[in-house]
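Protein chains in written order, with the numbering used here: chain Y, 86 to 252; chain W, 86 to 252; chain E, 86 to 252; chain Z, 86 to 252.
These aren't lab readings, by the way, just hints derived from the structure by calculation. Predicted model only: the values in this text are computed from it and were never measured. Even glycine gets a Cβ: it sits at the ideal position worked out from N, Cα and C. Treat each hint with caution, since some may be false.
[Stated by the list, open to error] Some but not every residue of chain Z turned toward chain W, in silico, with C-beta under 10 Å: (1) R165; (2) D169; (3) H214.
[What the hints assert, rightly or not] Covered stretches of chain W, as calculated for chain Y (at least 3 residues, CB under 8 Å): (4) 132 to 142; (5) 211 to 223.
Number of protein chains: 4
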Amino acid sequence: MEAPQWQVSEWLNSKRLSLAGLRGRVVALHAFQMLCPGCVSHGVPQAMRIRQAFAADRLVVVGLHSVFEHHEVMTSQALRAFVDEYKLTIPIGVDAPSADGIPKTMRAYGLRGTPSLVIIDQMGRIAEHWFGRPDDMTVGAAIGRLVAPAQFDAGPTNGCDANGCTV
Amino acid sequence: MEAPQWQVSEWLNSKRLSLAGLRGRVVALHAFQMLCPGCVSHGVPQAMRIRQAFAADRLVVVGLHSVFEHHEVMTSQALRAFVDEYKLTIPIGVDAPSADGIPKTMRAYGLRGTPSLVIIDQMGRIAEHWFGRPDDMTVGAAIGRLVAPAQFDAGPTNGCDANGCTV
Amino acid sequence: MEAPQWQVSEWLNSKRLSLAGLRGRVVALHAFQMLCPGCVSHGVPQAMRIRQAFAADRLVVVGLHSVFEHHEVMTSQALRAFVDEYKLTIPIGVDAPSADGIPKTMRAYGLRGTPSLVIIDQMGRIAEHWFGRPDDMTVGAAIGRLVAPAQFDAGPTNGCDANGCTV
Amino acid sequence: MEAPQWQVSEWLNSKRLSLAGLRGRVVALHAFQMLCPGCVSHGVPQAMRIRQAFAADRLVVVGLHSVFEHHEVMTSQALRAFVDEYKLTIPIGVDAPSADGIPKTMRAYGLRGTPSLVIIDQMGRIAEHWFGRPDDMTVGAAIGRLVAPAQFDAGPTNGCDANGCTV
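Build out the structure end to end from the sequences listed, making use of the hints.
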């Protein structure tokens, strides 16, 4: 299924982004709300781990602030304070509000809530879509079908330490 | 590179396994020592998460007890007690000892120590090889290039909980 | 040193509380900001663990929302949404704002930032004061000098499990 | 209740210790088995945190290897390898074996299994006794009734970081 266009009222950390402009790269779209506990403890840190695990010219991580509750306090001004405090550097779009309280991109993607993670392939099609806390192994596997991970080496250097034991 | 044959003196939780017999499935070979702290805290739990994330008919997780230190106490009898206490159910091979203290499969694969994780593809070739603590995102990505993950859904059911917030 | 009076503009989850009214009980005063990452990940959960570990008639946990940055978005309305999303049930006072941006109770106590944890004894004197992430063992020890912990038992029931092994 | 004498067949990391010789100091006696998962993941690290949180001239942490299962592989030789791999430096006594498989000190203290943690006060009396996973807050509180914690400061130094936010 082709990923719907993003309807974003404002971008943080980035000029305007579009799916068409990202064609050729995998996109990990992370929908969150700044006051959603599971987003703060799980979703946002996982989005950062995705950012680390793959090369930036192959995969783009995009945040989407999809506010469907407590609209009056999760404003874009509040989001900017959140982004400042949590030192987030990924591009984040403010999902465009609608009359019924469910923002437009959230509606278009049929998201059940936050956090949601949508993986969009190099041709702009939805490859995977999770709500809640998918584990890193599963998320990595789904992205890995589309793009190779960056190099990684984390072994101990000598003898035994918390990482392991060397010969 | 073709994965070397396994040289195993004894199997736990399984009859004898060979790479040839597993052709057509991906193999995650997890080399560990029962008294290696990084294996107990990181490697073994990660092997269990791999086991969970992929279907058993597509991917096999195999433990390899590659003892290169404290040989006198990390015997196969001690390993059986460890497997009992930790309730491990994956097949585990005892890496065949050699005169120089480095077991034979460990030597053949050129492992630097424990934990080591080797991913072998459906044709029996080494696809990836890590020493120490590769993160789940990276391991998942490497395996995901070879095989799709199992289904996963972990969203909250109503309102906000530790997993997230529903519409 | 006698603990300064609290200067609070508004109470959540409680009618007005005063130190004088809590005389005879130990008070754990937890100063935080809703957008401070260390407060959300460490301070607030630790305050909840203090709440669990001691009997409510012996020890009172009181939150203090001491906003010294991003005042425009960490309003009491926003705090109410935060309290709702994180399902916090302890009494929380909004530290009274002042002209220089440092709220009045924070100033009176000389807090260096958030999270801060102040332990006040049964006679209203400051017994301990930490800024940042004191570990649970240390916090427990400081409170334990003043009041006994509640009963606790967490052993496994049979054989070995993640908690331990029974005879 | 007065704490029973220790019946220990061998000491690691220490010359022979006795309760009488430790009079005047608090003793945290940590009974464990090297192959008990809850001991390795919870009990031993908690014993190390107790060691850190209190001054050594006020509180002594003593390990007790109380083997009641898999005796044939949890030998004192195996324990030495475990102590080496996990880099444990606290004194550890090997609980003296008995004919029925329950070691003598374990029997004398009525321990239900491992891990168990017994707090003995400055006069040699049992002050507290837990089986399984008591939380750090509770353990700290029980010890804190007997002895003050060491100094601790863990605040951030500037701006916001993972520890908190400074003024």
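Okay, the hints, checked on the actual structure:
1. Interface restraint check for R165(Z): the shortest CB-CB distance to chain W comes to about 8 Å, inside 10 Å, so the restraint holds.
2. For D169(Z), the interface hint holds, the least distance from its beta-carbon to any beta-carbon of chain W being 7 Å, beneath 10 Å.
3. Of the supplied interface hints, the one on H214(Z) is violated, with its beta-carbon coming no nearer than about 24 Å to a beta-carbon of chain W, more than 10 Å.
4. Remark: the region 132 to 142 of chain W is confirmed as covered by chain Y, as 5 of its residues place a Cβ nearer than 8 Å to a Cβ of that chain, reaching the required three.
5. Counting residues of the region 211 to 223 of chain W whose C-beta lies closer than 8 Å to any C-beta of chain Y gives 9; at least three are required, and the coverage claim holds.
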